[in-house]
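Visitor: One letter stands for each residue in the lines below.
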Amino acid sequence: MPLIARLFLKTGMTWFLIALLLGVVQQIDTLLFPSISALFWHTLMLGWITQIIMGVSTWMFPGRMKVESFQNQRWSWLAYGFLNVGLIIRIISEPFISSSDWMVWKYLLAISAVIQFLGVVSYVIEIWSRVLSKKQRMKKKRAEG
Amino acid sequence: MPFISSLMIRLSLVYLMIGVSIGALMLINKAFLISPLIWFIFPIHIEFLIFGWIIQFTLGVAYWILPRFLKTKGRGNKNLARLMALFLNVGILLVAFSGYGLGSKFALAGRILETLAVGFFIYLHWNRVVTYNRG
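So the sequences go chain by chain: E and D. Under my numbering, the residues of the first sequence are numbered 1 to 145, in order. Under my numbering, the residues of the second sequence are numbered 1 to 135, in order.
This is chain E alone, in the form it adopts within the complex (with noise of 0.2 Å):
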């Protein structure tokens, strides 16, 4: 398994635990925690099980290179970079935006959804030529010579 896909795995399995650990929070009413529903839905659908698509696609769907290099696997590279910054800023910043006047909070949280939406977009670019049926394979193959 590429160092690509285990470090997909690995943080998404890091963020699944500090999402059920957010869980936990929610449900104690004593530990107000503004915005805790938002960040629990996003730590677990973004941070856990779209990572862990994430991951085991770019390890195991046809079309990956063998070889290892930031070259070869800069799309994933750039999804898992921008992925994961952009889900700590937003869990940083999140919090405040309510409960702070302090401008920064808005622009970070601002730049987490702009960061997210670009860590998206560079797993599409990576996966989207590799999911391919028998005959499209075939076709591409030809056509390479």
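Accuracy of the hints is not assured; some may be wrong.
[Claimed, not checked] Covered stretches of chain E (chain D as the covering partner; in silico rule of three or more C-beta atoms under 8 Å from a C-beta of chain D):
1. 113–119
2. 129–142
[As the list claims (entries may be wrong)] Below, in silico cross-link-like pairs of lysine-lysine (DSSO-like), each with a Cα-Cα straight-line distance of 27 Å or less:
3. E:LYS135 - D:LYS71
4. D:LYS73 - E:LYS134
5. E:LYS141 - D:LYS73
6. D:LYS105 - E:LYS141
7. E:LYS139 - D:LYS73
8. E:LYS134 - D:LYS78
9. D:LYS71 - E:LYS134
10. E:LYS139 - D:LYS105
11. E:LYS140 - D:LYS105
[Stated by the list, open to error] Partner residues aside, some chain E positions facing chain D, computed with beta carbon under 7 Å:
12. ILE52
13. ALA110
14. ILE125
None of these hints come from the bench; they were simulated from the model. All C-beta atoms in this analysis are idealised placements derived from N, C-alpha and C, irrespective of residue type, glycine included.
Given chain E, work out where chain D should sit, using these hints.
Guide: Relative to the frame of chain E, chain D by itself:
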């Protein structure tokens, strides 16, 4: 990868892109209010990402990767697989857009189509969840 799988996986990537674009827009709107109306697209965000992306991707990959039938080397009835993909996607669209003047009957029809798609999926895959290793 069979055609149905590549179709479902690519559709799931399209849903992912649209769903995440909506999510990013809502998040920016939370930081800097562009329009309160943006919150009305929340149901599309949910439906597209849960059913369109995660569920459709999973079903598409399972259709491709689960063991094929030993005798025919195939994956079962192809027409049923096509119907599964069709029902799932029509269902997703009906549910997602039912809240925008289409009415609750469209949401009901959408959920029924999604349920039928899942029923077809189970029917197609039940006997493919096996081991051929008898050693």
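Visitor: Is the Cα-Cα distance between E:LYS135 and D:LYS71 27 Å or less?
Guide: OK: E:LYS135 and D:LYS71 at ~22 Å, within 27 Å.
Visitor: CA of D:LYS73 to CA of E:LYS134, is that 27 Å or under?
Guide: holds, 15 Å
Visitor: Decide if the proposed pair is consistent with the structure: E:LYS134 and D:LYS78, CA atoms, cutoff 27 Å inclusive.
Guide: holds, 15 Å
Visitor: Would the hint on E:ALA110 stand, with a C-beta cut-off of 7 Å toward chain D?
Guide: holds, 4 Å
Visitor: Need the status of pair E:LYS140, D:LYS105: alpha-carbon distance at most 27 Å?
Guide: violated, 44 Å
Visitor: Does the closest beta carbon of chain D sit nearer than 7 Å to the beta carbon of E:ILE52?
Guide: violated, 10 Å
Visitor: Take a quick look at whether E:LYS139 and D:LYS105 sit within 27 Å of each other, Cα to Cα.
Guide: violated, 44 Å
Visitor: Regarding the pair D:LYS71 and E:LYS134, is the alpha-carbon distance no greater than 27 Å?
Guide: holds, 20 Å
Visitor: Against chain D, does the stretch 129–142 of chain E show at least 3 residues with beta-carbon separation below 8 Å?
Guide: Holds, because 7 residues of the stretch 129–142 of chain E bring their Cβ atoms closer than 8 Å to Cβ atoms of chain D.
Visitor: Does the CB of E:ILE125 sit less than 7 Å away from some CB of chain D?
Guide: Violated - the Cβ of E:ILE125 stays beyond 7 Å from chain D, reaching only about 10 Å at its closest.
Visitor: Between E:LYS141 and D:LYS73, is the straight-line Cα distance small enough, at 27 Å or below?
Guide: Between E:LYS141 and D:LYS73 the Cα gap is close to 24 Å, so the pair holds against 27 Å.
Visitor: Hinted pair, alpha-carbon criterion (27 Å max): E:LYS139, D:LYS73. Please report holds or violated.
Guide: holds, 22 Å
Consistency note: the structure conflicts with the earlier hints numbered 6, 10, 11, 12, 14.
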